[in-house]
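**Q** The lines below spell out each chain.
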Amino acid sequence: MRISTIAFANLKRRKGKALFLVAGIGIGIGTAVALLSLSGSLREEIGSQLDRFGANIVVTPHSDSLALEYGGIPVAGVAFDEHRLTNEDVAGVLRIPYRKRLSVIAPKLLGAVEVEGQKTLLAGVDFSSELRLKRWWRLTGRKPEAADDVLLGYEVARAVSAIEPLPSAAGQGRPNGEHHPASEERFRIAKERLIVAGREHRIAGVIGQTGGAEDRMVFASLGRVQDLLGKPGQLSVIEISALCKDCPIEDIVAQIRKELPHANASAIQQSVRARTEAVERLTRFSAAVSAVVLAIGALMVFTTMMSSVVERTREIGVLRAIGFRRTHIIKGLMIEVAVISVAGGVLGWAAGLLASRLALPYFTEAGAQIEVRASLALFAVAVALSTGMVSSVYPAIRASRLDPAEAMRHV
Amino acid sequence: MSFVVVENVGKTYSDQGSRTGAAVLRNVSARLGEGEFVCLMGPSGSGKSTLLTILGAMNHPSEGKVHIDGIDVYALSDERRADFRSEYLGFVFQQHHLMPYLNAIENVMLPLATLRLGAAEKRRRALAVLEKVGLAGKAARLPNQLSGGEQGRLAIARAIVNDPPLVLADEPTGTLDTKTGDEIMKVFLDLNARGQTIFMVTHNPANARLAHRTLHIRDGALAPESGCPRERTSRTPADGLDSELPALTIDGSGDFDSLSGKPFGD
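Chains E and Y, in that order, are what the protein sequence lines are. Once you know that position 305 of the first sequence is 305 in my numbering, the rest is easy, because the numbers rise by one and skip nothing. Converting from the second sequence to my numbering requires adding 411 to each position, the first position being numbered 1.
The hints are simulated quantities; they were obtained by calculation from the structure and are not laboratory data. Please note that a few of the clues may not be correct.
To be verified - Derived SDA-like pairs (lysine to any residue); straight-line CA-CA distance at most 25 Å:
1. K15(E) <-> L557(Y)
2. K543(Y) <-> A604(Y)
3. K476(Y) <-> R325(E)
4. K476(Y) <-> E406(E)
5. K476(Y) <-> P511(Y)
6. K549(Y) <-> S4(E)
7. K12(E) <-> P511(Y)
8. K331(E) <-> D588(Y)
9. K549(Y) <-> D588(Y)
10. K15(E) <-> T5(E)
11. K590(Y) <-> S558(Y)
12. K15(E) <-> P511(Y)
13. K15(E) <-> R552(Y)
14. K15(E) <-> N555(Y)
15. K331(E) <-> G548(Y)
16. K119(E) <-> R101(E)
17. K331(E) <-> E498(Y)
18. K12(E) <-> L526(Y)
19. K12(E) <-> N555(Y)
20. K191(E) <-> T140(E)
21. K476(Y) <-> Q506(Y)
22. K17(E) <-> L553(Y)
23. K12(E) <-> P554(Y)
24. K549(Y) <-> M510(Y)
25. K143(E) <-> A112(E)
26. K191(E) <-> P232(E)
27. K17(E) <-> P554(Y)
28. K12(E) <-> V346(E)
29. K549(Y) <-> R13(E)
30. K17(E) <-> I3(E)
31. K590(Y) <-> R605(Y)
32. K12(E) <-> G233(E)
33. K119(E) <-> G233(E)
34. K476(Y) <-> A405(E)
As the list claims (entries may be wrong) - Far from chain Y by the CB rule (all over 12 Å, computed), these chain E residues:
35. E164
36. R320
37. E371
Predicted, not measured: the structure shown is a model, and the values here were computed from it. All C-beta atoms in this analysis are idealised placements derived from N, C-alpha and C, irrespective of residue type, glycine included.
Construct all of the structure, not just a fragment, from the sequences and the given hints.
**A** See the structure below:
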């Protein structure tokens, strides 16, 4: 017979109340675990989506002069570049220690050319990388495959009459000549061939209107453009998408700078900031909701323990009368709460994990997973234990302060 | 020398909203010798239970002192007084106050729960007192599986498992029928015969007649004692116990020299 024996016997005796408390703590912890697990997965999802959402690192040559801009990025070297990027630099980027974090490397050569008599920006790209990088492009036509295939930006295609509205779209056209958004393009390619820089090319496809620089550009294969511009092996810019969910993007940039001392490498801060902000908001939201639910759980433990103390006033009085110290009373109650809290923590962890797994498909794309992490289990039990203990401190102290003579008279 | 000395004890419970309180005990003095069996009688509300809880080191008197075995009980800190109760006192409550969720032997072991003793030693002691009160065969039963008399004996076993020098009993037969009450009184007499000091609050004159002395309390003050302490040998079941109970053999070895023989109180 020890104080713990009495505590366990009391738990057994008040199974209903104990189970109610376990359930209460379990719900609180379960909600917190589910939210943390879900937000963890969402964080990864958002992270990887934002990482995929275009380039977040741009490599350009060192230059004192700026001739043209590409997508808001100053691109040196189109006119007066002194240091040039070459195909070799792509290999250089692939030598950095963080190379496994690089998901897409899209080298480009840019140049101003005549297209059907109009000055237009021509970009030589590696189409497979470029299309992975520009996931928001909506292509009408096919992906370029042959060396003389080109993709036209929407404005260029219109200017050279390479597209015409579909009959249905023409009939239901929007007022004031408003353009359809890219996702609702209703046009067809009306031309097969086009003269670019004095040579005939086949129009493989047209990029739906994006509102960006690509609307006014023509895209051809990198080798072809290097040939057309007379710049074999040369590049104007290398766009890089880094899978940088938790890695410091600045470290990747630093490694690229070290590898390519003759080039400028910079992170597109806007993309990084947006990602960080989204993740932080999600984390803050999860933490706030978890805190509220846990506070409700703590209040429930508090009120239940207070009522339990009142209910057991006489019993506590008897224990005090037969020689139990105040600390013995506190110890007994705390053992009960600890057992309940640990059980609630384990239950909550399991329930939260299950709930987050069931809910995950509704929040993320297929493939996202909830990991079973020992650290989360320990965290759940620790939070449950501390919530239970803290909520029970006052009821336990109150119980220990019961005057035994008064308590014995309690009916 | 008296084992228990109560000196000019007064107790006033403060009334809410009033500066003056209700005096429950007034200038109470009493002495108990070691091995003595003293009963306290009085009408309801006269202060019996208050005096018992003050003797029980759990109700601080408003004035006066209580010495038990030479220790000024209320000079001790709250925690030390809890230790004192554990070491010196055994309580038998009117409604037994057994823990319904613990079986008989666990109830008996309750006062041992805070002591640094091995589980086997605690069990041995509990079984020994259960044997003493005739419940050795019912150690595994829950209180609600025992008769009223058995519950009373179990409460006594719990009170004496620490081998306390003083047992305090608050109307231990108050809720029992005569036969069961006699059964309980027999246990008390048996304990007293072995040298256990007992202070019992009772309403039952038959029980009081079995004690060495009876103190009377009225309106918070002890009435003067009349007559001399009864001879121990005069206490037999015929004094009030069921005739079927075995006659007690009381050797009269108690130390009465320490008793003043004079009435205490006002």
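**Q** Work down the list of hints and note, for each, if the structure agrees.
**A** Results for each hint:
no., hint, in the structure
1, K15(E) <-> L557(Y), "holds, 24 Å"
2, K543(Y) <-> A604(Y), "holds, 13 Å"
3, K476(Y) <-> R325(E), "holds, 22 Å"
4, K476(Y) <-> E406(E), "holds, 20 Å"
5, K476(Y) <-> P511(Y), "violated, 36 Å"
6, K549(Y) <-> S4(E), "holds, 24 Å"
7, K12(E) <-> P511(Y), "holds, 12 Å"
8, K331(E) <-> D588(Y), "violated, 39 Å"
9, K549(Y) <-> D588(Y), "holds, 21 Å"
10, K15(E) <-> T5(E), "holds, 15 Å"
11, K590(Y) <-> S558(Y), "holds, 12 Å"
12, K15(E) <-> P511(Y), "holds, 14 Å"
13, K15(E) <-> R552(Y), "holds, 20 Å"
14, K15(E) <-> N555(Y), "holds, 19 Å"
15, K331(E) <-> G548(Y), "violated, 32 Å"
16, K119(E) <-> R101(E), "violated, 38 Å"
17, K331(E) <-> E498(Y), "holds, 20 Å"
18, K12(E) <-> L526(Y), "holds, 23 Å"
19, K12(E) <-> N555(Y), "holds, 17 Å"
20, K191(E) <-> T140(E), "holds, 13 Å"
21, K476(Y) <-> Q506(Y), "violated, 29 Å"
22, K17(E) <-> L553(Y), "holds, 21 Å"
23, K12(E) <-> P554(Y), "holds, 16 Å"
24, K549(Y) <-> M510(Y), "holds, 16 Å"
25, K143(E) <-> A112(E), "holds, 23 Å"
26, K191(E) <-> P232(E), "violated, 29 Å"
27, K17(E) <-> P554(Y), "holds, 22 Å"
28, K12(E) <-> V346(E), "holds, 19 Å"
29, K549(Y) <-> R13(E), "holds, 21 Å"
30, K17(E) <-> I3(E), "holds, 20 Å"
31, K590(Y) <-> R605(Y), "holds, 23 Å"
32, K12(E) <-> G233(E), "violated, 80 Å"
33, K119(E) <-> G233(E), "holds, 23 Å"
34, K476(Y) <-> A405(E), "holds, 18 Å"
35, E164, "holds, 88 Å"
36, R320, "violated, 7 Å"
37, E371, "holds, 43 Å"
Checked against the numbered hints above, the structure breaks hints 5, 8, 15, 16, 21, 26, 32, 36 and satisfies the rest.
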